[in-house]
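Trainee: Sequence:
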Amino acid sequence: MFAVLDPLLIPLVVGAFMVLCAAVVCVVAIVRADRRDVVAVVRALPELAAVMVLWRRHRQ
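Residue 45 in the working numbering sits at position 45 of the sequence shown; the count goes up by one each step and never skips.
All the given hints hold, so there is nothing to weed out.
Label-pair restraints from in silico Cβ distances:
| no. | residue 1 | residue 2 | range |
| --- | --- | --- | --- |
| 1 | 7 | 44 | 36 to 42 Å |
| 2 | 57 | 24 | 29 to 35 Å |
| 3 | 52 | 27 | 18 to 24 Å |
| 4 | 35 | 9 | 39 to 45 Å |
| 5 | 14 | 48 | 22 to 28 Å |
| 6 | 29 | 49 | 14 to 20 Å |
| 7 | 10 | 34 | 36 to 42 Å |
| 8 | 36 | 57 | 29 to 35 Å |
| 9 | 42 | 19 | 19 to 25 Å |
| 10 | 35 | 14 | 33 to 39 Å |
| 11 | 24 | 48 | 18 to 24 Å |
| 12 | 9 | 39 | 38 to 44 Å |
| 13 | 38 | 6 | 39 to 45 Å |
Quick caveat, the hints were computed from the structure, so don't treat them as lab data. Backbone N, C-alpha and C define an ideal beta-carbon position, used for all residues, glycine too.
Use the sequences and the hints to build the structure in full.
Mentor: Below you can see the structure in the form of structure tokens.
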């Protein structure tokens, strides 16, 4: 059954697993954090996204 495993499927599965683990870590951190910390992070997200977009444009 596993003898016909597409070589491109392995990185896809590993990538999906990494995204799932990152999501779980983020959810656990938000649940354990103080409410004021979560609000501060949510308020900082647009600025963080803008910085990441600028950084990505400079790389290309």
